[in-house]
Amino acid sequence: EAQVTQNPRYLITVTGKKLTVTCSQNMNHEYMSWYRQDPGLGLRQIYYSMNVEVTDKGDVPEGYKVSRKEKRNFPLILESPSPNQTSLYFCASSSLAGRSYEQYFGPGTRLTVT
Amino acid sequence: AQSVTQLGSHVSVSEGALVLLRCNYSSSVPPYLFWYVQYPNQGLQLLLKYTSAATLVKGINGFEAEFKKSETSFHLTKPSAHMSDAAEYFCAVGKMDSSYKLIFGSGTRLLVRP
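If you read the sequences in order, they're chains A and B. My numbering numbers the first residue of the first sequence as 1 and each following residue consecutively. My numbering numbers the first residue of the second sequence as 115 and each following residue consecutively.
Zero decoy hints are in this set.
Here are the simulated DSSO-like cross-link-like pairs (lysine-lysine), alpha carbons at most 27 Å apart as the crow flies:
(1) Lys17(A) with Lys57(A)
(2) Lys71(A) with Lys209(B)
(3) Lys183(B) with Lys209(B)
(4) Lys71(A) with Lys57(A)
(5) Lys57(A) with Lys163(B)
(6) Lys183(B) with Lys172(B)
(7) Lys209(B) with Lys57(A)
(8) Lys57(A) with Lys18(A)
(9) Lys71(A) with Lys163(B)
(10) Lys65(A) with Lys209(B)
(11) Lys163(B) with Lys182(B)
(12) Lys209(B) with Lys172(B)
(13) Lys17(A) with Lys69(A)
(14) Lys209(B) with Lys182(B)
(15) Lys65(A) with Lys17(A)
(16) Lys65(A) with Lys18(A)
(17) Lys71(A) with Lys18(A)
(18) Lys69(A) with Lys209(B)
Rough simulated footprint, nothing fancy, chain B against chain A, three-plus residues with beta-carbon under 8 Å:
(19) 40-49
(20) 93-106
Simulated from the structure, these hints should not be mistaken for lab results. Nothing here was measured: the structure is a model prediction, and the numbers come from that model. For each residue, glycine too, the CB sits at the ideal point set by N, CA and C.
Make the full structure from the sequences, and use the hints.
Take a look at the structure:
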């Protein structure tokens, strides 16, 4: 089954404790992206990657890091989480062939930073 | 600059009634437009997409949307609401730059009354 998986689904942590949210896709997509969803704001892009070793900032990159060492994986790293990073996070992937912009989303990771 | 506006953060309809969720976009080039649905505690699922092939787009679960260039609108409709349609709906436009990202509206929560 074609899918995007994220782990963990739920995470409660404390300020300053480094964490990683994993994302993996099995569709051989070149493009992967992280979004955060906050009430009344829709989804906003954090970082994106056009292919292995190619990453760039989205609209709200402060406090986040990413890496793309393999085509299927795109982890999101919070080196020193703060309460304003409490949010619902989605990983997405897309094929760049045809440039249709259609993105496939993971199930989400709900992060709470206290 | 491209943007999306969804009118109404909450829409309430009776079961069996018409569903109309409004979306207006801003784009200087022919847009790629999408409607996604988010059921409680789940990720985003693609309902339908407009990619210039036809102005009336049919999606899953009986939903459809009509692209109206003169009104810069892409409203989502369903003739008869079902209880299972209760969810949050997001309109999105593909941003025409190197980020390849989706720009989302703030979302509309659909409530279906028995």
